[in-house]
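One point on numbering: in numbering that gives the first Met the number 0, the residue at position 25 of the sequence shown is 24, and numbering is uninterrupted.
You may find that some hints are simply not true.
[Claimed, not checked] Derived lysine-lysine pairs resembling PhoX-like cross-links, with alpha carbons at most 20 Å apart:
no., residue 1, residue 2
1, K50, K76
2, K76, K29
3, K29, K3
4, K3, K47
5, K3, K50
6, K29, K50
7, K45, K76
Rather than coming from a laboratory, the hints here were simulated on the basis of the structure.
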Amino acid sequence: MPKKSFSELINSPGMPVLVDFYADWCGPCKTMAPILEQVAAQHQGKLKIIKIDVDRNPAAAQQFRVQGIPTLILFHKGQPVWRQSGVVAAPQLNQVVQPFLG
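Put together the whole structure using the sequences plus the hints.
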């Protein structure tokens, strides 16, 4: 299966895509991982969550001017509709994605 481009990944039809820009060495990023798993489980089939390692994918991080990690960006129909740097609690994240779920 060919590797999908970043723009193909965020253009998931009919489904919002939450992108987590992170790095393996980043402490707050590790805190974010179980929160993202919880949110993914709550919205299974309605929300796509993608993790982008900024060290391995500097072009994607540059494209969206990611300066601090973790940075979360929510894409709806391929467009960024929300972004925040730092750890975001699950209830807050659920509130953010709710309006975009089909």
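Hint numbers not upheld by this structure, sorted from lowest to highest: Failing hints, ascending: 2, 3.
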